[in-house]
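Student: Sequence:
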Amino acid sequence: MEIAYSLSIALQSHQPLIVTIIITLLSLLAVRSFFKRPHKSNATGTATSSGKQQAREARPASSCSHTSDSVVLLNGGSAGLAEEDMVMADVSKVVSEIQSGASMMEQLVPEITTHALSYLDYPSLCRLSMTNSLMRKAANDDNAWKALYHKDFTLEQDTVTPVNGWKAYYAATRAIMNVNTEFFNIIKDRSLSAMSLFWLNVDYVKCAHASGVLFSGYNAVIQSWQHAFNWEQGVDFQVRDVRARVLTDVAWVTMKTYVDMNNGAFNMTNVFESHKGRWYLVHHHSSGMLATGDIGQQIVH
Numbered sequence: 001m002e003i004a005y006s007l008s009i010a011l012q013s014h015q016p017l018i019v020t021i022i023i024t025l026l027s028l029l030a031v032r033s034f035f036k037r038p039h040k041s042n043a044t045g046t047a048t049s050s051g052k053q054q055a056r057e058a059r060p061a062s063s064c065s066h067t068s069d070s071v072v073l074l075n076g077g078s079a080g081l082a083e084e085d086m087v088m089a090d091v092s093k094v095v096s097e098i099q100s101g102a103s104m105m106e107q108l109v110p111e112i113t114t115h116a117l118s119y120l121d122y123p124s125l126c127r128l129s130m131t132n133s134l135m136r137k138a139a140n141d142d143n144a145w146k147a148l149y150h151k152d153f154t155l156e157q158d159t160v161t162p163v164n165g166w167k168a169y170y171a172a173t174r175a176i177m178n179v180n181t182e183f184f185n186i187i188k189d190r191s192l193s194a195m196s197l198f199w200l201n202v203d204y205v206k207c208a209h210a211s212g213v214l215f216s217g218y219n220a221v222i223q224s225w226q227h228a229f230n231w232e233q234g235v236d237f238q239v240r241d242v243r244a245r246v247l248t249d250v251a252w253v254t255m256k257t258y259v260d261m262n263n264g265a266f267n268m269t270n271v272f273e274s275h276k277g278r279w280y281l282v283h284h285h286s287s288g289m290l291a292t293g294d295i296g297q298q299i300v301h
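Heads up, the sequence shown is in UniProt numbering, so the first residue is 1 and it goes up one at a time.
Just so you know, these hints were derived from the structure itself, not from any lab.
All the given hints hold, so there is nothing to weed out.
Pair by pair, the computed Cβ-Cβ distance ranges are:
#1 T254 / L197: 22 to 28 Å
#2 A168 / V242: 16 to 22 Å
#3 K276 / G217: 18 to 24 Å
#4 N143 / Y204: 36 to 42 Å
#5 A175 / L155: 17 to 23 Å
#6 L197 / T131: 36 to 42 Å
#7 T161 / S193: 39 to 45 Å
#8 N219 / T131: 48 to 54 Å
#9 E111 / N219: 51 to 57 Å
#10 D241 / N201: 26 to 32 Å
#11 V213 / R243: 22 to 28 Å
Lysine-lysine pairs mimicking DSS-like chemistry, simulated, CA-CA at most 25 Å apart:
#12 K151 / K256
#13 K276 / K206
#14 K206 / K188
#15 K188 / K256
#16 K256 / K206
#17 K151 / K137
Think of the CB as a built atom: it goes at the ideal place given N, C-alpha and C, for glycine as much as any other residue.
Construct the complete structure from the given sequences, taking the supplied hints into account.
Tutor: Below you can see the structure in the form of structure tokens.
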């Protein structure tokens, strides 16, 4: 157990190097397999003749060739022929295996491939998929994207079975995470025009600020942000524990946000709807967490 734990720590500390090594090895395996595909016509005969040819070429030219000739004569000429046949048989076998079309990548146990790919990050996995068809097949494996999703986002959705697979679900989650980050950038910049475009212009949108006031309807919501931007300076939130759930056209994100890491956090929830290929905010809720030891003290903004 101690050895396994030490190995785990060592792998984590050298993860960038491991990622580089994995990509290099997988690419080399794929290239090797590509150039050693079988010839469909007369595969067996070609392998045998090629093996014999390689065997003859592989035999070193010795300046003491008369010694081997003496052995042949002493054994009635049979020993040398038997040795040559064995060498050619071994070479033919190797050539046959190379030309059989089975690559080293294809012979790996799927669990091993998935585990190796789990060390890669999102950009590395995408780059690997563009190497060739074999790497694309390995990099598009659903289990690899599921492992990457749980590493980058959350383990809470282990029982979820995405309709379009984990790769598509990963991409959708990453997209909604980027949109959620844009929300905080707008607050930091105090841009009312950007906030107006960020919300869906419908009457059912709602916004509950940490002050406890609820605003309903597009005009009321945007007006509430206008007041917030006029009264407050730009706020640079520190966002933690972000969790996203993405459905077909609805997604919600929960998180904890800090203005000052020493003064506690806000619980926030953002709900988005997808319209014409774009995500819009339709509900925002922010509430100050109760201060430890004082049930009456709340953090508001």
